[in-house]
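Per UniProt numbering, residue 1 is the first one in the sequence shown, and the count goes up by one each step.
Just so you know, the hints here were simulated from the structure itself, not pulled from any lab data. You may find that some hints are simply not true.
[Said to hold, decoys possible] Cross-link-like lysine-lysine pairs, in silico, DSS-like; alpha carbons within 30 Å at most:
no., residue 1, residue 2
1, 79, 105
2, 62, 105
3, 107, 79
4, 79, 29
5, 102, 79
6, 105, 29
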Amino acid sequence: MAETKTAPAAEDGTAAGDVVRVVDADLRKRAEDVVDRARRLCVANSVMEGEARYVLCDAVDKHHADLLVVGSHGYGAIKRAFLGSVSDYCAHHAHCSVMIVKQPKTKK
Numbered sequence: 001m002a003e004t005k006t007a008p009a010a011e012d013g014t015a016a017g018d019v020v021r022v023v024d025a026d027l028r029k030r031a032e033d034v035v036d037r038a039r040r041l042c043v044a045n046s047v048m049e050g051e052a053r054y055v056l057c058d059a060v061d062k063h064h065a066d067l068l069v070v071g072s073h074g075y076g077a078i079k080r081a082f083l084g085s086v087s088d089y090c091a092h093h094a095h096c097s098v099m100i101v102k103q104p105k106t107k108k
C-alpha cells in the first residue's frame, strides 16, 4: 500500500497556516528580486529641464526604454483641458509601453 504524506499542521491545527507562510515568504522573495533588478536596470539618473511631456518622451527615445511609468494627478476634465495631461501625452506619443499609476481613492 502506498504511503500518503500530509502537510504538517500549523499552530491552529491546520496545514493552511503553513501554506500561507510559505506563499508569503515566496512572494516577499520575488518582490525583493524585482526591486533589485529594477535598481540594476534604472541607470538613467539625470535632471533635465523643459516641459515634462517632451522631456519624458525624449528620454524614452534616448535610453531605448521598454516601459515608461508615470503618475496621474486625477484632475477632472476641465483642469486637464487647461493644464494638459502629461500621462495622456506620453501614452499617445512615447515609443514604448506606458503605465499610468493613479493614487487610490480614499474611502469615507
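Can the restraint linking residue 62 and residue 105 be considered satisfied, given a maximum Cα separation of 30 Å?
-> Status violated; Cα separation ~35 Å.
Proposed proximity, residue 105 with residue 79 (alpha carbon, max 30 Å) | Distance of about 18 Å is within 30 Å: holds.
Is it true that the CA of residue 102 sits at most 30 Å from the CA of residue 79?
-> Holds: residue 102 and residue 79 sit about 16 Å apart, inside 30 Å.
Distance restraint between residue 105 and residue 29, which requires alpha-carbon spacing of 30 Å or less = holds (29 Å)
Taken at face value, is the distance from the CA of residue 29 to the CA of residue 79 at most 30 Å?
-> Outside the cut-off at roughly 42 Å; violated.
Holds or violated: are the alpha carbons of residue 107 and residue 79 at most 30 Å from each other?
-> OK: residue 107 and residue 79 at ~23 Å, within 30 Å.
In summary, the numbered hints that this structure violates are 2 and 4.
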